[in-house]
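Number of protein chains: 4
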Amino acid sequence: MRMASVADATATCALQIVGGTGVSEAIFARVLASFERQGLMRHLGATLLRVEPGLCELALPYSDRVTQQQGGFHGGAIGALADIAGGYAALTVAAEGLEVVSVEYKINFLASFQGGELRALGRVHKGGRRIIVTTAEVSHFAPDGKISPCAVLQQTVMPVPQTY
Amino acid sequence: MRMASVADATATCALQIVGGTGVSEAIFARVLASFERQGLMRHLGATLLRVEPGLCELALPYSDRVTQQQGGFHGGAIGALADIAGGYAALTVAAEGLEVVSVEYKINFLASFQGGELRALGRVHKGGRRIIVTTAEVSHFAPDGKISPCAVLQQTVMPVPQTY
Amino acid sequence: MRMASVADATATCALQIVGGTGVSEAIFARVLASFERQGLMRHLGATLLRVEPGLCELALPYSDRVTQQQGGFHGGAIGALADIAGGYAALTVAAEGLEVVSVEYKINFLASFQGGELRALGRVHKGGRRIIVTTAEVSHFAPDGKISPCAVLQQTVMPVPQTY
Amino acid sequence: MRMASVADATATCALQIVGGTGVSEAIFARVLASFERQGLMRHLGATLLRVEPGLCELALPYSDRVTQQQGGFHGGAIGALADIAGGYAALTVAAEGLEVVSVEYKINFLASFQGGELRALGRVHKGGRRIIVTTAEVSHFAPDGKISPCAVLQQTVMPVPQTY
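Residue numbers (this note's numbering), protein chains in the order written: chain V, 1 to 164; chain D, 165 to 328; chain W, 329 to 492; chain Z, 493 to 656.
One thing to keep in mind: the hints can contain errors.
So the derived label-pair ranges between C-beta atoms look like this [what the hints assert, rightly or not]:
1) Z:A525 to V:A142: 36 to 46 angstroms
2) D:E260 to Z:P653: 21 to 31 angstroms
3) Z:R542 to D:P307: 57 to 67 angstroms
4) D:K310 to Z:L524: 52 to 62 angstroms
Some chain D residues flagged as far from chain W (calculated, every beta-carbon gap over 10 angstroms) [said to hold, decoys possible]:
5) A190
6) A193
7) L196
8) R201
9) G203
10) H207
11) G209
12) E221
13) S227
14) G261
15) A306
16) K310
17) T320
18) P325
Partial list, computed: chain D residues near chain W (C-beta under 8 angstroms) [claimed, not checked]:
19) K270
20) L274
21) K290
22) V297
23) P313
24) V316
25) Q318
Keep in mind the hints are simulated off the structure, nothing from the lab. Built from N, CA and C at the ideal position, the CB exists for glycine as well.
Kindly generate the complete structure, drawing on both the sequences and the hints.
See below:
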């Protein structure tokens with residue numbers, strides 16, 4: 001398929017991702033305001049750890065709310081966490097007044113874990129006016145401090161006008 | 165990449181998917197036994213509607229446990245529901261004594277919905293000894309009876325020895 | 329992520345997919361004009377079989393131009409064929425004056441084949457102003473007439489202004 | 493879905509990816525022997541640039557064999573190149589006597605380019621006995637030396653017995 005317009009559509013968002021403390025604080029507040037409105041995340045016990053231009057990190061502690069039939073973290077909970085991490089990373093590069101929606105995502109599961117907590121680190125791979133491509137890595141943090149890869153996601157996000 | 169062995173690996177599971185009432189009842193029981201062990205599904209309020217050879221249908225009623233920041237069904241909940249529907253469809257064609265794991269899945273979101281319930285219909289696209297490929301369609305059932313497409317998933321599942 | 333705007337973005341294209349012979353002929357001509365400009369497809373020997381509103385079918389005969397190391401059809405050729413079939417199915421529901429681009433696609437390979445020809449059947453799963461979601465099935469047609477599933481694709485396409 | 497067995501299935505391949513010049517030369521020879529058998533890659537003009545344990549880099553110069561309707565690199569050619577780069581990266585961590593097959597891949601297109609050449613860098617994200625997960629980044633190298641991101645792929649590969 002012809003890709004020329006995708007080139008336009010994914011012109012990098014340099015202006016929007018210049019750093020600075022004030023910028024980061026504003027970005028964190030912007031993401032937190034949206035995150036706290038999510039019943040699912042609140043319900044599963046997920047927390048927002050870090051937000052920077054082009055980056056978002058979330059944590060999900062182990063509980064009986066996130067298990068599958070073996071007592072491990074449920075793939076659905078892992079997928080939700082990674083989707084949100086990628087989506088909010090994208091939000092940090094979207095223009096003011098815009099929200100983002102997940103057009104689609106693809107996730108590979110690498111291993112299963114019980115106990116401890118999961119952390120999903122979402123990053124903007126390429127920002128754009130019409131399409132933002134992100135990746136997210138989910139790692140397991142064991143009580144003994146061991147960190148292991150759990151899942152990896154690749155996602156397509158679309159900026160849209162905010163309606164709330 | 166060379167695909168010959170995938171041909172072998174995905175030899176269809178004809179013997180395992182011949183129908184019959186007794187077969188279907190046994191299949192439903194097999195899936196239900198696993199489904200009821202999932203803390204996440206139980207917690208979100210998902211229910212098992214239908215299991216047939218190569219097919220599994222689940223329902224997820226709307227509640228504040230499954231919402232995103234706009235009050236609509238959360239993409240993470242939609243993804244979890246579709247993942248489970250596809251995975252259990254795959255389980256129905258896996259040999260006795262085997263469980264299945266999601267190797268990966270990819271989901272496109274088609275529309276957002278509030279209220280009513282979601283139904284995910286998972287189907288085995290191609291069964292195999294090493295790899296089972298499934299698809300799932302998620303639809304929204306509105307209180308007024310209107311049915312709308314919500315999401316579509318394509319998934320790779322791997323049969324593994326059952327350990328519980 | 330919030331999906332409300334995706335709902336808007338994927339409002340179905342009913343007006344554009346009403347059928348009729350004249351419509352189909354115009355659609356075939358529209359797709360053929362673009363298809364014939366593709367050096368890769370021309371070079372690999374792919375042909376356009378069928379175009380209908382929301383549907384496109386392509387054929388790729390076996391040759392030493394499309395093989396992998398075992399002499400079977402190359403996954404890359406299979407992926408290209410499926411991508412094009414899905415993309416042109418999407419073009420049939422895009423407004424006049426618009427082209428389409430593949431934002432992304434995901435493909436599962438089901439089996440390997442040598443000789444005969446491949447056919448990719450692309451279908452619009454959900455049309456929209458900003459995003460069109462398609463699926464494509466690739467089948468192998470053996471010289472003896474046997475038809476076998478080869479690959480399945482799920483794709484995200486974006487309408488863009490035509491520039492040629 | 494239960495992931496415990498995926499944990500087993502993706503036990504890292506430490507023994508197979510210890511470096512060393514001799515090892516790298518052997519790995520390059522192993523990949524080249526397979527690569528040169530691919531009619532499609534030969535036909536499109538792709539070349540093998542670099543092979544290291546867990547890594548493979550390919551180049552595809554611009555020609556009328558790889559174009560789409562606008563004269564840019566065809567998404568199908570980009571996808572084929574990325575698929576091969578990821579697959580051969582996986583081959584470098586597969587045990588002796590094994591080949592690899594692409595179970596599936598997902599690719600996002602980031603921009604369109606004409607002229608110059610594409611380079612695909614495939615990396616093993618997680619190796620395993622049954623499943624190897626890879627990623628690949630495709631970049632465009634312009635005649636003036638400018639390097640730009642073109643596409644990103646996430647792939648599932650399966651080791652299988654070699655049959656040639």
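Here's how the hints hold up against the structure:
Our hint of 36 to 46 angstroms for A525 (chain Z) and A142 (chain V) holds, since their Cβ atoms are close to 41 angstroms apart. Checked against the hint of 21 to 31 angstroms, the pair E260 (chain D) and P653 (chain Z) passes, with Cβ atoms roughly 26 angstroms apart. Checked against the given bound of 57 to 67 angstroms, the beta carbons of R542 (chain Z) and P307 (chain D), roughly 59 angstroms apart, stay inside it. A beta carbon spacing of about 58 angstroms between K310 (chain D) and L524 (chain Z) agrees with the range 52 to 62 angstroms that was offered as a hint.
Taking the minimum C-beta to C-beta distance to chain W, about 27 angstroms, the non-interface status of A190 (chain D) holds against the 10 angstroms cut. Look at A193 (chain D): its CB is around 29 angstroms from the nearest CB on chain W, clear of 10 angstroms, so calling it non-interface holds up. Distance check for L196 (chain D) against chain W: the nearest CB is about 28 angstroms away, which clears 10 angstroms, and the non-interface claim stands. With a least beta-carbon separation of about 28 angstroms from chain W, R201 (chain D) lies farther than 10 angstroms from that chain, consistent with its non-interface assignment.
Every C-beta of chain W lies more than 10 angstroms from that of G203 (chain D), the closest at about 24 angstroms, which supports listing it as non-interface. For H207 (chain D), the non-interface assignment is confirmed: its Cβ lies about 21 angstroms from the closest Cβ of chain W, beyond the 10 angstroms cut-off. Residue placement check: G209 (chain D) keeps its beta carbon more than 10 angstroms from all beta carbons of chain W (closest about 20 angstroms). Even its closest Cβ contact with chain W, about 19 angstroms, leaves E221 (chain D) beyond 10 angstroms, as expected for a residue assigned away from the interface.
At roughly 17 angstroms from the closest C-beta of chain W, the C-beta of S227 (chain D) stays outside 10 angstroms, upholding its exclusion from the interface. For G261 (chain D), the non-interface assignment is confirmed: its Cβ lies about 25 angstroms from the closest Cβ of chain W, beyond the 10 angstroms cut-off. No beta-carbon of chain W comes within 10 angstroms of the beta-carbon of A306 (chain D); the shortest separation is about 13 angstroms. The Cβ of K310 (chain D) lies farther than 10 angstroms from every Cβ of chain W, with a closest approach of about 13 angstroms, so its non-interface assignment holds.
Non-interface status of T320 (chain D) relative to chain W is broken: a Cβ of that chain comes within 10 angstroms, the nearest being about 6 angstroms off. Every beta carbon of chain W lies more than 10 angstroms from that of P325 (chain D), the smallest distance being close to 24 angstroms; the non-interface claim holds. Proximity of K270 (chain D) to chain W holds as hinted, the smallest CB-CB distance being about 4 angstroms (cut-off 8 angstroms). For L274 (chain D), the shortest C-beta to C-beta distance to chain W is roughly 5 angstroms, which falls under 8 angstroms, so the interface hint holds.
At a threshold of 8 angstroms, the smallest CB-CB gap from K290 (chain D) to chain W is about 5 angstroms, leaving the interface hint in force. Interface hint at V297 (chain D): satisfied, since its Cβ lies 5 angstroms from the closest Cβ of chain W, which is below the 8 angstroms cut-off. Here the hint on P313 (chain D) is kept, as its CB sits about 6 angstroms from the closest CB of chain W, short of 8 angstroms. Using the Cβ-Cβ criterion of 8 angstroms, the hint placing V316 (chain D) at the interface with chain W is satisfied: the shortest such distance is roughly 6 angstroms.
Hint status for Q318 (chain D) relative to chain W: holds, with the closest Cβ pair at about 5 angstroms, below 8 angstroms.
Hint check: a violation occurs at hint 17 only; the rest are consistent with the structure.
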